[in-house]
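**Student:** Protein sequence lines, in the order shown, are assigned to chains G and R. Throughout the first sequence, residue numbering follows our numbering, covering 13 to 312 in sequence. Throughout the second sequence, residue numbering follows our numbering, covering 3 to 368 in sequence.
Hints were generated in silico from the structure; no laboratory data involved. Computed from a prediction, not measured in an experiment: that's the story for all the values here. Just so you know, not all the hints are guaranteed correct.
Claimed, not checked - Dumping the calculated PhoX-like pairs for lysine-lysine here, alpha-carbon to alpha-carbon at most 25 Å:
1. G:K154 / R:K268
2. R:K352 / G:K75
3. R:K71 / G:K46
4. G:K154 / R:K148
5. R:K352 / G:K92
6. G:K46 / G:K75
7. R:K164 / R:K342
8. R:K305 / R:K317
9. R:K122 / R:K71
10. G:K154 / R:K170
11. R:K305 / G:K154
12. R:K146 / G:K154
13. R:K268 / R:K148
14. G:K46 / R:K352
What the hints assert, rightly or not - Which residues of chain R face chain G? A few of them, derived with a C-beta cut under 10 Å, are:
15. Q92
16. G96
17. R220
Every residue, glycine too, gets a C-beta built ideally from N, C-alpha and C.
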Amino acid sequence: MQKLLSAIASRLVIIVPYAWLLIFFLIPFLIVFKISLSTSAISMPPYTPAFEGIGTWLESARKFTVDNYVWITEDALYAKAYLSSVIIAAVSTVLTLLLGFPLAYGMARAPQSIRPTLLMLVILPFWTSFLIRVYAWIGILKPEGLLNQFLLWTGVISEPLQILNTHTAIFIGIVYSYLPFMVLPIYSTLEKMDYSLIEAAQDLGCPPITAFWKITLPLAIPGILAGCLLVFIPAVGEFVIPDLLGGSRTLMIGKTLWSEFFNNRDWPLASAVAIILLLLLVVPIVLFQNAQARAQEAGK
Amino acid sequence: MTRSTLFMTAVSVLAFGLAAGQASAQERVVNVYNWSDYIDESILADFTKETGIKVVYDVFDSNEILETKLLAGGTGYDVVVPTGTFLARQIQAGVFQKLDKSKLPNISNMWDKIEARTDKYDPGNQYSINYMWGTTGIGYNKAKVKEALGTDQIDSWDVVFKPENIAKLADCGVYMLDAPAEMIPAALNWLGKNPDSKTAEDIEAAQAALEAIRPSIRKFHSSEYINALANGDICLAVGWSGDVFQARDRAAEAKQGVEIAYSIPKEGAQMWFDQMAIPADAPHVAEAHEFLNYIMKPEVIAKASNYVFYANGNKASQKLLDQAVIGDPAVYPDEATTDKLFTTTPPDNKEQRLMTRAWTRVVTGQ
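Chain R with its partners taken away, still in its complex shape (with noise of 0.2 Å):
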């Protein structure tokens, strides 16, 4: 390259750079980081096309991801949408904004119901707006397990934690949650014991009660079962229950004859709920509450419950749901087994790290 060729393409380069910048200045943005499979996405192009913000939608599948990148801080990300229990921590350590709630008038539409349970991780819900909520319970194909087990039916954790029932899956195939905070709630909450419990011996009970039925879990993941399952690779797998659904969407489009049911056990099953919040070094906040804003919208946030089959927390959407999402027990548990749903709080870090130590030795059985 001559030196003129070389100083024409550095002018060049200055001059795009200064065009692009003018460009950026006009166009209004807003970056949203959500979980994947989690949204319809017409929603967001509807979204352009009344408010003229462009977004820009990125994706992550677990709440560690999303967790270490804001720590880390400088995400860029104007929305997130972590789960309770992380985004409790996260408003500790200062990672978000308290949301204005004069530019976010459809805040009216919420559900008190819920608001009153993720006032728990964000106390009077000044940080976060809830997105959508479900459960922890469990996934199988129903043609496998009424061969193993003789029943297409299954109605309680004894499935999972008897060791000689979860034997006669061993085979075929189970998975179960790689995520200590959803199994060890599990097997407390099974045990009869407080699921929320973070003392030593609890959580070594816990660990006992798993690593007796270690031998018939075939892999620890939170995201491959989906796929497994509508595949028919697997029989059974502890998961949440819009993935659940999308492995049963999946299966019956493939149409290769695997029909997968949810349960949500007569025992009780941990609730969870996804939050939308606002980082506090976001660059485009008023975008960012116009699309809270706008998620709020009953016909809205109907659109993407109806896509996604999780149950949202917006109570005057439920009049616009489709039948198989708001008359499904599996997604709107009725009012019995709503009170069977547990709840748990974030540990400390010393917690965390008994947790964790626990669940390394299940998994790996060391």
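Looking at chain G on its own, in the form it has when it is part of the complex (with noise of 0.2 Å):
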């Protein structure tokens, strides 16, 4: 009974994140899927064909059209809305990791004692709501705004700069809400790495910086790629921080779909485009599978 029990639990075990993937990742793609085959249309919900349960799909299918997808690849806007967010997303990524790198470093040979409170210290913002951070950026970035304050009361500056509503203010913004995810996975790498790996080095007569280059930085590889995807993939998607921190001149996928779905009402299209956003961002997880596959196998 005993056995019988504990085999059905381990079965279960396996059974749960599947269907967490079914029910909250596939479902909900092919709903997204289905509706960015459709037509918009002046109605409720506003495409056609709407769904009406299973036993109409088939005759819904022979109304579906790639039209959407068609209109996506004529009209340059989205091409370069998609490279505008990859290119935003890819320079916050690698600024991310030139700040959280040297932190997780310092965070993983600090002494045992203190790294919890450390550790503490990096989770710690996320006790305030997220929104009010970046609203928070606002205050400090705007013409009158603390930053500018400072600074021209240092005398650094004769009149204030103006970053809030640029590029810059994005990045800053980015930069600032995705550091933990940067230093968790890489503090982690780290903090597992064998020091005695760089006491041999330096024994055999290896420069401090060299040692860093050739054993501390390859070991933590893994933790760097966690690191730069959690950064990378919700920053491509990125939407409040470029509309409250950025100009209007920013261009990025996450505001382009806002106005297809709330501006033009146009559901299908919107979907087109974040199906299109979806593919754009499973090739790197894929890249990174296999990378870490590959690491995994040249590990053993």
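Each chain sits in its own coordinate frame; assemble them with the hints.
**Tutor:** Spelled out as structure tokens, the structure:
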């Protein structure tokens, strides 16, 4: 009896993540995909054919169209928006890495006793709403904001810098908001690292910088990759930060999607934009998984 | 958790749920979804006192958000407040139910002149009553504009649409509504074309006019300009009348020496109407009618207008309005100005896409 129960339990443990993926990823994905093949209409909901249950699937499938995807490829706006989102996300990811790595490194090398406190400090900002933290940056960056007042007071600048509503503000916002997602995975790989390797290298006459490049960095790569993906993927589709901190000139796919959905009431086209965005993001995830699998192979 | 405590919890949750269900069957509720900063909240409390109906009040800040919720259906709202152009399309989509006018005796207080205009969006005014109406004009910081232009009286769209004029204000900051349905008609009107035109070449002309002044615009946004004007962060915004008045009041309260003014330019401006309507799937239809009837009481709507500085569509309320509201030609424009105000009709799907596309080009510079 006990055995049977534990067998069922272990099955359940496997089923749970798959059920999760099915309910919260695959089914919504199929619904969005179906809407992307519909045509917009003045009705409730604003597209046709509407979903009226499994029974009518075949019938409505005949009315499906790929026009929305054709439209997206024909208008350069979408390509530009995808490209500029990817560039903004990539630059932000590199900046986050440059800032996050030394932080994680410092934390991992700190005395064991204060590490939990440091970890706490990295997580602490999450206790405040994300939206409020982004709003706070408006107060810091605006022309009469804290930063400009401070710089004016120190005499570094003679008139306020226009930072708010520029690309710089978006980079600051993304780097600030996503920094913990970069620091935590890198910290966890560096913490597990065996520092006797560095000592051995130094004993053999290797200068510290070379030891860093040849030992620490390669060993931290899984953490760096995970951190980069955790920052890059949400940053590509980011809407709140460019909307609040960015200027109107910022073209990002999140905003394009918003305007298709809300301004144009074109749910099918918005769905098609979302599907393509998803495909764009799935590629780096697959690459990452391949790299990890290879790293694990090599580890064995 | 042991099995018995689990059981007890389940029982108590069930009991609580039943009790809550009974309570809500007795309590009368109306769910209202209105624009933010758009009512004197004491009106809601007074309504509950008089009728015993509890008001659940929720707010939005853009027609697009409201429309998307309505089109998805099942919002649970009993009274919503879309603007005329949006209302027209939503009626077509089957979002609303016809009003039962036998339950709205106060409808006799309404202003025929406004009803004649809203008839364009809601033929026969069958689905909606007017709540407030206003204009889309120019809000500005008097001192900063005087410094840049030499005058603190703006009376023409030339200040906005002539590139050499707006460039003088670019440094102190210019905001514009992020709404093609407002800015394209404004540009067409300034160009001397029909502001309601939706032909491809007219929209292109409007786009060109807006692109010419694009370098001087700091941000396109439909609500941030209230605070930006009030704080003195910017010197000019193309925005909605009542929002600019709110900026004026906030600036006066803050006592930082910022003085805000609003102008309906002499070339004319767009006039819009926010209409109260009842969704087809509203759960509390009777309560919604009582609420609308209450809002149409002259003393109630006068209180609302005195608070938000927007004109209303209620003729009988006019003698109860503060002089600062009824006497201000920027709120209640005189006959000559009213004649120059224009309205627009809702675009169809293709026209909408044309306008949004032109607007995206202007805003992003792409």
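**Student:** So, for every hint listed, does it hold in this structure?
**Tutor:** Hints versus structure:
no.: 1; hint: G:K154 / R:K268; result: 34 Å, violated
no.: 2; hint: R:K352 / G:K75; result: 20 Å, holds
no.: 3; hint: R:K71 / G:K46; result: 20 Å, holds
no.: 4; hint: G:K154 / R:K148; result: 23 Å, holds
no.: 5; hint: R:K352 / G:K92; result: 22 Å, holds
no.: 6; hint: G:K46 / G:K75; result: 11 Å, holds
no.: 7; hint: R:K164 / R:K342; result: 21 Å, holds
no.: 8; hint: R:K305 / R:K317; result: 14 Å, holds
no.: 9; hint: R:K122 / R:K71; result: 24 Å, holds
no.: 10; hint: G:K154 / R:K170; result: 21 Å, holds
no.: 11; hint: R:K305 / G:K154; result: 37 Å, violated
no.: 12; hint: R:K146 / G:K154; result: 18 Å, holds
no.: 13; hint: R:K268 / R:K148; result: 19 Å, holds
no.: 14; hint: G:K46 / R:K352; result: 22 Å, holds
no.: 15; hint: Q92; result: 9 Å, holds
no.: 16; hint: G96; result: 6 Å, holds
no.: 17; hint: R220; result: 6 Å, holds
The earlier numbered hints that this structure contradicts are 1, 11.
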